[in-house]
Amino acid sequence: MNKLEFLTRLRNNLERGGLPSDDINDALSYYEEVFLDAGFGKEEETAAAMGSPEDVAVNILRESGIHVGGAPVMPPQRMDGPQGQQQQGPMMGGYVPPKKKASGGSIALGIVLGILTFPIWFPIVCVVVSLLFALIVVLISLVIAFFAAAIGLLIGGIVALTEFPAVGIMFLGAGLILTGLVILICKPAFSAVIPAIGRGIKRFCGWVVGLFKKGGKENA
Amino acid sequence: MGFSINAGLLDAMVLSIVQNNDTYGYEITQYLRKAVDISESTLYPVLRRLQKGEMLETYDKEFMGRNRRYYRITPKGNDSLEEYREEWRSHKKKIDSILLNEGAEYNEQT
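Here the protein sequences come in this chain order: A and B. The working numbering puts the first sequence at residues 1 to 220. The working numbering puts the second sequence at residues 1 to 110.
Hints listed in this document are in silico derivations from the structure and should not be mistaken for laboratory results. Be aware that a few hints might be false.
Said to hold, decoys possible - Calculated lysine-lysine pairs in the BS3-like style (CA-CA distance at most 27 angstroms, straight line):
#	chain 1	residue 1	chain 2	residue 2
1	A	Lys42	A	Lys3
2	B	Lys61	A	Lys42
3	A	Lys3	B	Lys34
4	A	Lys3	B	Lys93
5	B	Lys61	A	Lys202
6	A	Lys42	B	Lys34
Using the sequences and the accompanying hints, generate a full structural model.
Below, the structure is given as structure tokens:
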């Protein structure tokens, strides 16, 4: 018996026993983990060591206070084929189909939703990212503008110094003031503001991705 | 091992293993196998019972691209384990007094 067969039979028997679906999922994830931890090549061995899934199910049910009378349920035919779906209704009272199918469906649903709402969220994401990017560009250009003005004034001052010393000194002074300002502005701008905006963009993208992952799960 | 092990003793041993180290189902079974003949399917109801009794709690940890369920002992589990240990000591003494001939204090190294 391989892992899939063991887990399927276990699930069927637990469902027949009327175990709440949370408990069923808990048990199945435990047994799935056992198979994974035992190693891929050892499925048959592991299954054999644990005994029949019917007995395992009876033990779990007994521990949950459900006493199973008579022989445990043998593997039913309803698992494969389209007719399984029809049988399931009256027999299980509309019980949830195996977990794998449900989660697969919810992921697909999430993807479909993501695609359908694409015209809405894509422009919003673009706008927010571009705005943040524009902010960085504005900051950098401001710094460059100040820097250029400072250099211009300093050069102009030196040139003017020879003909109109007073004007030249004034230009030089203004140039030095601007240089100081640039240095004062540059430092915090480069060391804090720009990385912060970059982080903001990154976090926003992460948040958008997370939103879709979560959305998918909630629909399960 | 010719002696059967009861549910209480199994609970106590699992608590003791988890108290040493947070660990996962498969590893707990491997530890227990050093002393008793037990399979993964014997362990599951035990873990479930201890969890429901709030003696163990679980958390998931990523391992090779999947989640592995780790068990951690709670304060209540610690208290309970102490009681079990106390009980075991007196139980063992009584059994020893008969089986190994009265009053003989053997210091078993385990």
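Here is how each hint holds up against the structure:
{"no.": "1", "hint": "A:Lys42 to A:Lys3", "in the structure": "9 angstroms, holds"}
{"no.": "2", "hint": "B:Lys61 to A:Lys42", "in the structure": "23 angstroms, holds"}
{"no.": "3", "hint": "A:Lys3 to B:Lys34", "in the structure": "25 angstroms, holds"}
{"no.": "4", "hint": "A:Lys3 to B:Lys93", "in the structure": "45 angstroms, violated"}
{"no.": "5", "hint": "B:Lys61 to A:Lys202", "in the structure": "25 angstroms, holds"}
{"no.": "6", "hint": "A:Lys42 to B:Lys34", "in the structure": "21 angstroms, holds"}
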